[in-house]
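Enquirer: Chains as they are written, first to last, in my numbering: chain A, 1 to 303; chain B, 1 to 303; chain C, 1 to 303; chain D, 1 to 303.
Errors might be hidden in some of the hints.
The list cannot tell twin chains apart, which means a pair is met if one copy fits it or any two copies do.
Calculated lysine to any residue pairs in the SDA-like style (CA-CA distance at most 20 Å, straight line) [said to hold, decoys possible]:
1. Lys243 / Ala157
2. Lys243 / Gly207
3. Lys273 / Phe170
4. Lys62 / Ser31
5. Lys41 / Asn29
6. Lys155 / Phe247
7. Lys243 / Leu183
8. Lys155 / Arg77
9. Lys243 / Glu174
Keep in mind the hints are simulated off the structure, nothing from the lab.
4 protein chains.
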Amino acid sequence: MDAQELKQVIGAGLLSFPLTDFDEQHDFNKSSYRKRLEWLKSYDASALFAAGGTGEFFSLAKDEYADIIGTAVDECRGQMPIIAGTGYGTRVAIEYAVEAERQGADGILILPHYLTEADQEGLRRHVVAICKSVSIGVIVYNRGLCRLNAETVEKIADECPNLVGFKDGFGDIELMMSIRSRLGDRLAYIGGLPTAEVFASACKAMGVSTYSSAVFNFIPRTAVEFYNASVNNDSATMDHLLKTFFFPYLELRNSGQGYAVSIVKAGATVVGKTAGPVRTPLCDLSPAQHEQLRTLIDRLGPQ
Amino acid sequence: MDAQELKQVIGAGLLSFPLTDFDEQHDFNKSSYRKRLEWLKSYDASALFAAGGTGEFFSLAKDEYADIIGTAVDECRGQMPIIAGTGYGTRVAIEYAVEAERQGADGILILPHYLTEADQEGLRRHVVAICKSVSIGVIVYNRGLCRLNAETVEKIADECPNLVGFKDGFGDIELMMSIRSRLGDRLAYIGGLPTAEVFASACKAMGVSTYSSAVFNFIPRTAVEFYNASVNNDSATMDHLLKTFFFPYLELRNSGQGYAVSIVKAGATVVGKTAGPVRTPLCDLSPAQHEQLRTLIDRLGPQ
Amino acid sequence: MDAQELKQVIGAGLLSFPLTDFDEQHDFNKSSYRKRLEWLKSYDASALFAAGGTGEFFSLAKDEYADIIGTAVDECRGQMPIIAGTGYGTRVAIEYAVEAERQGADGILILPHYLTEADQEGLRRHVVAICKSVSIGVIVYNRGLCRLNAETVEKIADECPNLVGFKDGFGDIELMMSIRSRLGDRLAYIGGLPTAEVFASACKAMGVSTYSSAVFNFIPRTAVEFYNASVNNDSATMDHLLKTFFFPYLELRNSGQGYAVSIVKAGATVVGKTAGPVRTPLCDLSPAQHEQLRTLIDRLGPQ
Amino acid sequence: MDAQELKQVIGAGLLSFPLTDFDEQHDFNKSSYRKRLEWLKSYDASALFAAGGTGEFFSLAKDEYADIIGTAVDECRGQMPIIAGTGYGTRVAIEYAVEAERQGADGILILPHYLTEADQEGLRRHVVAICKSVSIGVIVYNRGLCRLNAETVEKIADECPNLVGFKDGFGDIELMMSIRSRLGDRLAYIGGLPTAEVFASACKAMGVSTYSSAVFNFIPRTAVEFYNASVNNDSATMDHLLKTFFFPYLELRNSGQGYAVSIVKAGATVVGKTAGPVRTPLCDLSPAQHEQLRTLIDRLGPQ
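Extracted from the complex, chain A is given alone in its bound form (with noise of 0.2 Å):
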């Protein structure tokens, strides 16, 4: 898929990221990863991002996530296009990228680089480089300590044709608009929030017209059609499913640091289609935050 087309793809509906699977010695578990995505394609989404945040790219290392890339790209060839994370340093990252490329990813993710303050320079020359390791569509991820400005963004569109999305992972309206404003229609902007469905309208009033659902892990029925009711701005639907679903979800995730990730597995353990535990850094949910998520999730009906 070259780049512009991952760009149409993009644009076009919801995004996703699966969850790794990982057995009780915390080894990625392959089998019930295949399942897992056999199960959410069937679901309408556009695109699965494949070890991005909420699959744990921050714990995975180097030769799983060759596994995990290939078996998503198996898994999901001429069904569903998969976007690749990479991350680091810029020569960690060009590495997974190229690898990616090779297992046969159809777009890379840029999460930031690691430790270190950067300025705009530093950080263009960074994507840049990355964005120039690949020629697959390539988006990048403004969060942490990657804070693009708009005039960064724009240089290094400029430079890279093959940069087609930006993902925003800061809510900062002031630098969101400034960088819809620059860029316009060159890039596809995507939500990329914890929990995004609680950011999807202003999101979508700033020309942010998808995002990627980390429920989707766990309710694809309901994520689908919150996303959309957020395309048809069916606004009744939007704000009932805020006020039942999403807003109490969020007083749990809110509970524990880290949980942005540990609770959409426990989605996935409480739906029946467990993808195991986290990994350290983080902590799983406890039983009683298993059940109070049951309650909430049981109200949504089946998916």
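Fit chains B, C and D to the known structure of chain A by using the hints.
Expert: Coordinates of chains B, C and D only, in the frame set by chain A:
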């Protein structure tokens, strides 16, 4: 005007805060302020905040405050509702609120308390006490040290029928969505970030249907044009104004701390409606910055 | 007391801020406050801050403030210097400072301005204007919105001979070291973080030779004991008190926002020297928390 | 070297992290790195951190890392202990730690995990897992996403006898004091803020008796002079060096994000011991900034 009428007024159109005029000795310049109100009320705004943030509430002595509110009420009587700022600790905030009501203000805007951290219960008691000290409508401003969550806003609204508005100064999408989800039509919502136009689309999508425009102080025709474009979902007009005026303006504004107010006073001077200097701890823009601002304003054509 | 005398006093020993007494209606309780001062001045402190942060300066009306400063000056005349808090915007801060001097205060402590961001030049003008409004000595408090850098402090000190003290409320080692390096003995330095005892060793090593003790309000003997241990580099005593009292106390204090003041008022109540309730937006500790505090205090033995 | 020996070494003197040498293609320059170590080990430091923060750990590929640690161990064998950085998620951090031990490193420094928030329990498990993966001594670095509190550090120390050091990268006095109060002599404490000399006095007063010097890379004689002054409480020498070198140096360093490392590489170039360019996302200092730095260095005289 009773509280429910105020709520209607807030929801009905553009809001603005007039600058407070100072003379060369930095004293309140009543005649200049009166002329400013006379000018501004000829434009299509639905209410004015007197002695709000842009009116340098934070720099006014108590007796000046009374004079300012009295002047605004007197000048705009029957033509434009006046909402008066209040702030500081509970007792002082009540003194200001009571004074404003005595002067004939149509509503109160509660700016944050001073200096100390406080928990939700303490904030609740603080806001409730102010609401109960007046019979006119009240708007609470979430900003700085006052970060009310949805549950607290709901408790205050339940206890205080005259709390009719919520003004958001954080731009935290999750927080704003949770408040809107919980309170719904119980309150009118106002965008309250500096240069609110940049936030207008995102805010409107969150149910924050109006905002207070600072640039109304020097480009009132453009401010109204932008507001009408927002109401009518005319994104072409909004995008054009954002690109040609607002983002370059932000760059200038963001070049100094405290410029969010100083630049508005500079704008008034540039268009021949000077409100005099700002008071410390603010600083006026430099002559070179005045010229940069003039260039931006001139592009917009006659106001 | 002239400014240089004040500087000597500050450097000579422990400082403290007495609580402000309120009755059950939350009104200023003058007779109770007078007794508090009578009690506290019998201990070995070198000056008292009346209507400072722990004295709930941020919750006082102007007329109460005058009464409090007047009472403190009257009660301590010839026995204990009184330094009066001031704060808010420039004009209001000057009103308070002038009132304090009129009431006979020996010095002024400038708490931060209100609400707005400001750059270094604006802060400089603000502090200079307050210094010039009085002839007594002034201490500036770096805290919250007022973050003066070394260059700005130097400019103010050059222009205002009566600026004799710098109180640090940030605990930013690089900032404090840069100020100390640039200003040297021109100023006296005071540690101004909540529960200053925890910071005493580090501060002393940075040339911040004294601090204002909040716990002096309820365990004055222990506060003096700790201070003397600090002066004498008696780390065994300091370590013991930190471990057995101060760190468990911090845990309780950190359990609520705004508790830095509330817990001191709770302590006064526990030891039979109640100063009444706190004012909103603060909240009093719960009865259970009072008991936890009592346990910690009892361990210290008679005061 | 067993863990207890490492602890003794840490406590015994100045530490430093050598830069990692890159050639013009930004590849690891082994011969240049070897010469650097040969030079640095002739000065009086007690251990070197290879591939630490100043050594651009965050930019190294795995195979380069092995080469760097191996080279450092080989070059310094029997003369200077080598402590190797590790970091990222648990599995990757263990891979690096095991590799370092295999290469003969004398200890491990754990830099923070990557990207995700985590609670204390998750952090604990992460650090414990790394400690248990090696038999050599371990130092944990509190920085960025890894903010261990005193209780968590104590739990890790209880479970892992080879945790022998704690390096502080926050400069939060309350946190550091609470850790020192709880752990006492169980650990050796290292100051780990950029340009650690500025923090030396305050840290020493908190029981943080040593630090790792970055400027040792280009002014080793001065770095040792400052360290000795610190050990001997020679505040005149420290104050003089702070005023004439370190604060002007900080001003330059603070002029760019990420300059904490770049300026050290610039310093090495200035003194004729170039380590080549920094890798992205860092940027090298401009020629003008190099000249400013040269002026500062020249003032110090021969090294």
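Enquirer: First find the shortest C-alpha distance between Lys243 and Glu174 inside one copy, then the shortest across copies, and answer within, between, both or neither for a cut-off of 20 Å.
Expert: between (27 Å within a copy, 13 Å between copies)
Enquirer: Could you place Lys243 and Ala157 in one of the four classes (within, between, both, neither) given a Cα distance threshold of 20 Å?
Expert: between (39 Å within a copy, 18 Å between copies)
Enquirer: My question is about Lys243 and Gly207: at a cut-off of 20 Å on alpha-carbon distance, are they close within one copy, between copies, both, or neither?
Expert: Result: close only across copies, 15 Å inter versus 24 Å intra.
Enquirer: Using 20 Å as the alpha-carbon threshold, which applies to Lys62 and Ser31: within, between, both, or neither?
Expert: Within. Shortest intra-copy distance 19 Å satisfies the 20 Å Cα cut-off; inter-copy 29 Å does not.
Enquirer: My question is about Lys243 and Leu183: at a cut-off of 20 Å on alpha-carbon distance, are they close within one copy, between copies, both, or neither?
Expert: between (34 Å within a copy, 11 Å between copies)
Enquirer: One pair to classify: Lys155 and Arg77, alpha carbons no more than 20 Å apart. Within, between, both, or neither?
Expert: neither (34 Å within a copy, 48 Å between copies)
Enquirer: When no copy is named, should Lys41 and Asn29 be tagged within, between, both, or neither for a Cα gap of at most 20 Å?
Expert: within (18 Å within a copy, 47 Å between copies)
Enquirer: Go through the copies and call it for Lys155 and Phe247: within, between, both or neither, with a Cα cutoff of 20 Å.
Expert: Answer is between; shortest inter-copy Cα gap is 17 Å, intra-copy 38 Å.
Enquirer: Measure nothing new, just compare the shortest in-copy and cross-copy C-alpha distances for Lys273 and Phe170 to 20 Å and report within, between, both or neither.
Expert: neither (30 Å within a copy, 38 Å between copies)
In the structure shown, a violation is registered for the earlier hints numbered 3 and 8, in ascending order.
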